[in-house]
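Construct the complete structure from the given sequences, taking the supplied hints into account.
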Amino acid sequence: MTYVIKGETGDWEVVIGLEVHCQVISKAKLFSGAATDFGAEPNTQVSLVDAAMPGMLPVINEECVRQAIKTGLGLKAQINTTSVFARKNYFYADLPQGYQISQFDQPIVGEGSIILDLEGGASREVGIERLHLEQDAGKSLHDQDPKRTFIDLNRTGVALMEIVSKPDMRSPEEAGAYLRKLRSIVRYLETCDGNMDQGSMRCDVNVSVRPAGSTELRTRAETKNVNSVRFVMQAIEHEAERQVGIYENGGEVVQETRLFDAQKGVTRSMRSKEHAHDYRYFPDPDLLPLTFPQSLVDEIQSSMPELPDERKARYVGDFGLSPYDAGVLVQEKDTASYFEAVANGRDAKLAANWVINNLFGVLAGRGVDITNSPVSAEHLGELIDLISDDTISGKIAKDVFDIMLETGDAPGKIVEDKGLKQITDTGAIEAAVDAAIAAGAAQVEQYRGGNEKILGWFVGQVMKATQGKANPGQVNKLLKDKLDT
Amino acid sequence: MSLDKDTVKNIAYLARIRVDDEKLEPLAGELSSILDWIEQLQELDTDGVPPMASVAAMKLPQRKDVVTDGNCRDAVLKNAPDPEDGFYTVPKVVE
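One line per chain: the protein sequences are A and B, in this order. Quick note, the first sequence lines up with residues 1 to 485 if you use my numbering. Quick note, the second sequence lines up with residues 1 to 95 if you use my numbering.
Note that these hints are calculated values from the structure, not bench results. Source: prediction; values computed, not measured. Positions of the beta carbon are idealized from the N, C-alpha and C atoms, including for glycine. Each hint should be verified, as a subset may be incorrect.
[To be verified] Some chain B residues near chain A, calculated using beta-carbon distances under 7 Å: (1) I17; (2) L35; (3) W37; (4) M52; (5) A53; (6) V55; (7) A57; (8) P61; (9) Q62; (10) D65; (11) T68; (12) D69; (13) K78; (14) Y88.
Put into structure tokens, the structure is as follows:
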């Protein structure tokens, strides 16, 4: 599906690259022994290193290095066994050092790729440019006082992985799919919790536009810190429209940093700065180059968990699921585990249908995730067994499912207590079929006159007489047999 | 390499050092001569020579992922001019 902006001078396409900051899961910070827990009392997780007291020296946390390597491997990327930390200099209240320790021309992870799962089961590969390790900054609170900003340095120095894509995306949907997939991968790897609302995953969006079909790369604008998938898509839509408007009015897009206003759904220029950013990167003299043996990479590689793409391929290959359904189920590791518990030893397609078409709606409606599902995987599996062995029909199963939601009871018990067992006794069904035919002389005429749709009326009568418990297959067959003779 | 007055002014700004206007010109001269002196290094042929990160033959030391520090808010805030409720406070910065 091509995303095109219809301008007055013709069609335009959008070129998108994303820079995603992922907070690394580790107990201590990247260069200090202070804790990383979210939501602690202000400035209680700050060491003198984080506060940038004179003479303090950074010492790197080996776990953060392992997490970056692991993430790099998950992105099928090149791992650089030698990389260099550099100082990115800027002056801001939430950055006590006056510089951020980051990586510049020699990052720990180089080029890789990520596969996007798109609408309708299609997929597309997007390039990863690099992944580097860097320090997070502190948090500013602007609403505590009319004249002052309050600063909490708890987040200062927490390890971030900045993951930079190539400018390979061409629509807001693709950018959304990229973020979802990246989040899924880091969650599977347990290298980042991916919580955009807590800020442990944040996104900078680079957007430029060009006439459709052209291959040039025009000047891009960067929108900083867009913090949900939906907002990223909105920011791209708005930014693309804005840039097309500028070109079509004879203007030029300027390279600048913009902010996304979530309330209005628009991007706006950051208050223009007297001085453009001049980061003056240079190798950090406090830190030697980061080196590790290839054997460390191999060891991490050998302990990698199954990733969403591999799991999806398994669901398609072994279970016969559609790529779309498989993609939906593997996106969250917890969902995939739940589905596998339901599907284990059962009809996997039926299991997938129940999870996707019935359970997901309930979870969304109640605003809970699958780990708090009101129906356990065990119970849902049991329900599927009852359908598979013809104890209940698919239609009755939906009623049983509703009761399970209310009571939390096992489906077998519900079927027993409410007498919902399917009637498969041919004699009983035949009696109901005969009664329906006897009661519907007019409808029999219509059917024999060629109106096959009227068959539904007979099915309805039989179901009514049996409280929906007659096996629908048998009802249909018996009706046809009798009416066609 | 010769620096002009405006460049020196910008360097001072980036370093957050206040320099009076009349000192910019002499400073430009001094900084230029320092850079000229350093520039002699350009005469060396360094093709194929890897950058030296340290004079000592050592590797980057690494720490275990263990919480060993922090929880010293009083010490951290001790030099802060106007702390409140455990926060640093600074003149309002809003983008």
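Hint check:
no.: 1; hint: I17; verdict: 12 Å, violated
no.: 2; hint: L35; verdict: 15 Å, violated
no.: 3; hint: W37; verdict: 19 Å, violated
no.: 4; hint: M52; verdict: 11 Å, violated
no.: 5; hint: A53; verdict: 5 Å, holds
no.: 6; hint: V55; verdict: 11 Å, violated
no.: 7; hint: A57; verdict: 11 Å, violated
no.: 8; hint: P61; verdict: 6 Å, holds
no.: 9; hint: Q62; verdict: 4 Å, holds
no.: 10; hint: D65; verdict: 3 Å, holds
no.: 11; hint: T68; verdict: 3 Å, holds
no.: 12; hint: D69; verdict: 4 Å, holds
no.: 13; hint: K78; verdict: 10 Å, violated
no.: 14; hint: Y88; verdict: 4 Å, holds
Checked against the numbered hints given earlier, this structure breaks hints 1, 2, 3, 4, 6, 7, 13; the rest are met.
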